[in-house]
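Colleague: Here are the chains, one letter per residue:
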Amino acid sequence: MLKILAACGNGMGSSQIIKMKIEKVFKKLGVPVTIDHMSVGDAKSQASSYDVIFCSVTFTDIFKVRGTTKVIGLVNLLSESEIEGKIRENLTIPS
Amino acid sequence: MGDFLSVFDSASKVFFNNILGKPEFFIGGLVFIGYLLLRKPIYEAFGGFIKATVGMMIWNIGAGGLVVTFRPILAGLNDRFALNAAVIDPYFGLNAASEAIKSIGMSLSWAMISLMIGFGWNILLVLLRRYTKLRTLFLTGHIMIQQATTCTWLVFFAIPELRSIAGAVWIGLLVGTYWSVFSNLTVEPTQKLTDCGGFAVGHQQMGQVWLASKIAPMLGDPDKSVEHMKLPKWLSMFNDNVIASGTLMIIFFGAIMILLGEPYMRNMDKGGFPATIAFPTYILSKSLMFSVYLYILISGVRMFVAELTESFRGISDRVLPGSLPAVDCAATYGFSSPNTVLYGFIFGCIGQFTAIAGLLIFKSPIMIITGFVPVFFDNATVAVFANKFGGARAAAICAYCTGIMQVVGGAFAAWYFELYKYGGWHGNIDWDTIWPFFGVIMKNFAVPGVILIIVAMLVIPQIQYRRSENKELYFKCGDESSEA
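Protein chains in written order, with this note's numbering: chain X, 11 to 105; chain R, 4 to 487.
Check before you lean on any hint, since a few could be wrong.
In silico DMTMM-like pairs for lysine to aspartate or glutamate, Cα to Cα no more than 20 Å straight-line [claimed, not checked]:
{"#": "1", "chain 1": "X", "residue 1": "80", "chain 2": "X", "residue 2": "61"}
{"#": "2", "chain 1": "R", "residue 1": "43", "chain 2": "X", "residue 2": "33"}
{"#": "3", "chain 1": "X", "residue 1": "34", "chain 2": "X", "residue 2": "52"}
{"#": "4", "chain 1": "X", "residue 1": "38", "chain 2": "X", "residue 2": "71"}
{"#": "5", "chain 1": "X", "residue 1": "34", "chain 2": "R", "residue 2": "47"}
{"#": "6", "chain 1": "R", "residue 1": "54", "chain 2": "X", "residue 2": "90"}
{"#": "7", "chain 1": "R", "residue 1": "233", "chain 2": "X", "residue 2": "46"}
{"#": "8", "chain 1": "X", "residue 1": "37", "chain 2": "X", "residue 2": "90"}
{"#": "9", "chain 1": "R", "residue 1": "236", "chain 2": "X", "residue 2": "71"}
{"#": "10", "chain 1": "R", "residue 1": "217", "chain 2": "R", "residue 2": "198"}
{"#": "11", "chain 1": "X", "residue 1": "37", "chain 2": "R", "residue 2": "47"}
{"#": "12", "chain 1": "R", "residue 1": "195", "chain 2": "X", "residue 2": "92"}
{"#": "13", "chain 1": "X", "residue 1": "34", "chain 2": "X", "residue 2": "71"}
{"#": "14", "chain 1": "X", "residue 1": "80", "chain 2": "X", "residue 2": "94"}
{"#": "15", "chain 1": "X", "residue 1": "74", "chain 2": "R", "residue 2": "198"}
{"#": "16", "chain 1": "X", "residue 1": "54", "chain 2": "R", "residue 2": "243"}
Honestly, the hints are just simulated from the structure, not real lab data.
Only chain X is shown next, with the shape it has when bound in the complex:
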């Protein structure tokens, strides 16, 4: 089970949008995941306990992650094709 984190400025609006969209995409890809959402401020301190972090490209530079955690920056948070493309780029998905 992959642990995913969706982050945005205040942890309210856009992280919830990202969460719903990536949930849909992972379901389509048949990958089991659990997804949490929070603010970038919170996410910074909890980054290492997640496998992948999704956020707007605006915030990707804030994360200085060590180890295996991947940070994926999205341009259009609502675009499922962008999310799917970036998941395939960064993770090995059995197709």
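We have chain X already, so just place chain R on it with the hints.
Modeller: Below, chain R alone, put in the same frame as chain X:
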């Protein structure tokens, strides 16, 4: 028959006292029913009920803490300088509005009923889009809660005879029309910014986004954009909401407590300020307490909004084909450089500080304290759009002016709607411009005023449609890019 009536009467009393009077159970119940309607299994519905209720109870803890921390400071300002203070931030505003609603013997559940009616009205307007010309469904749960609550207070305040179920319906129609019409106004600018990204903005600065996109081309050159500028690296730490709001609280409440003076604070707050604690330590910990309670309040809101949004989604998925979702303003940030967001924040901050200095110089009875959400999110969003259509110069000017308007409009609103008593005002730009204007109309014209506002708003999309260059494309953009 008499028996039946008395049973009905006492049953409705039980309902009012135990469900409607306890918004946490009301919200929990709504989520529970929503999940069942979406044909989710009963255990998930139960889970939703628990999380929504617990989230609302966490919110109450945060709200109570804010009120207690704030009270001596507000009293001190009033006592020593005959000043009233209000933080312009939607969470402080939510707090103030809900305290005000409670103070007239009503409960927050009324705001939630209005929210449901507003959401339903938005769906209806979009379903009838051939006639209404409205294309957007407002889906930003936390914003809907804040706006429905503030709107509820505005109407209850302006028109006391609407403090009833009929009032909740009017409030729902009013706020629902605002959601539909103003998010619809952001469609064209957002589509241009995102290259038909398939969404619109459904947030707190929709009027300003439209305005900025119209004015920006006159203010600068879109080719000279913020992307080409270098900003100092330390600025990016303000992307972190805890750091940003903590810093703002230290600056503002620190300044206020220094003004009130050490002897005064020692006298006011005997329990919290014992002789062993030095003044700087006291200031630092008191100021940061605001961040602590704000953080608690926001975590609570986040928890129940997640459930509420989840149960909205099933409904909206069915309505969505052919319409656009109106979502959080931060969804647009990816289409600009990180620079733009900070750039807007900085110029908005300068604008707000200028205006606050103005309030003090001209001895305004209301002092405004900068809150994180408007100064960051409104101004960043305005800058993103202004930068797209008029480059760095337009972004600076628009964000600066927005900052000034936030303070001036916020001060007026906090005073006019008497929310300074609870130390907060909604504060996002549409609520410092459009809504105070609506409020004044309602105060003077009562129910006919409400009708006038609703009708006037519904005319806007008609004009928008008539003036659109390509009538076919007006509805089409949503179709092409909706991937659902």
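Colleague: Now tell me, hint by hint, if it's right for this structure.
Modeller: Do the hints match the structure? See the list:
1. The suggested pairing of residue 80/X with residue 61/X holds, with an alpha-carbon distance near 6 Å, which does not exceed 20 Å.
2. Proximity of residue 43/R to residue 33/X is assessed by CA-CA distance (about 17 Å); at most 20 Å being required, the pair is judged to hold.
3. Simply put, residue 34/X and residue 52/X have alpha-carbon atoms about 24 Å apart, too far for the 20 Å limit, and the pair is violated.
4. A hinted pair counts as satisfied when its Cα atoms are at most 20 Å apart, and residue 38/X with residue 71/X does not qualify at roughly 29 Å.
5. For the hint linking residue 34/X to residue 47/R, the alpha-carbon distance of about 18 Å falls within 20 Å, and the restraint holds.
6. Between residue 54/R and residue 90/X the CA atoms are separated by roughly 28 Å; this puts the pair beyond 20 Å, and the hint is violated.
7. Distance restraint check for residue 233/R and residue 46/X: the Cα-Cα separation of roughly 34 Å exceeds the 20 Å cut-off, and the hinted pair is therefore not satisfied.
8. Proximity of residue 37/X to residue 90/X is assessed by CA-CA distance (about 12 Å); at most 20 Å being required, the pair is judged to hold.
9. As the CA atoms of residue 236/R and residue 71/X are separated by approximately 11 Å, the hinted pair is consistent with the 20 Å bound.
10. Restraint check: the Cα-Cα separation between residue 217/R and residue 198/R comes to about 18 Å, which is no more than 20 Å; the hinted pair holds.
11. This hinted pair checks out: residue 37/X and residue 47/R have alpha carbons roughly 18 Å apart, not beyond 20 Å.
12. Taken as a hint, the residue 195/R and residue 92/X pair is honoured in the structure, with Cα atoms around 18 Å apart against an allowance of 20 Å.
13. Of the supplied pair hints, the one linking residue 34/X and residue 71/X is violated, its CA atoms being roughly 26 Å apart against a limit of 20 Å.
14. The straight-line distance between the Cα atoms of residue 80/X and residue 94/X is roughly 15 Å, inside the 20 Å bound, and the hint therefore holds.
15. Using a Cα cut-off of 20 Å, the hinted pair residue 74/X and residue 198/R is violated, with the two alpha carbons roughly 31 Å apart.
16. The suggested pairing of residue 54/X with residue 243/R holds, with an alpha-carbon distance near 9 Å, which does not exceed 20 Å.
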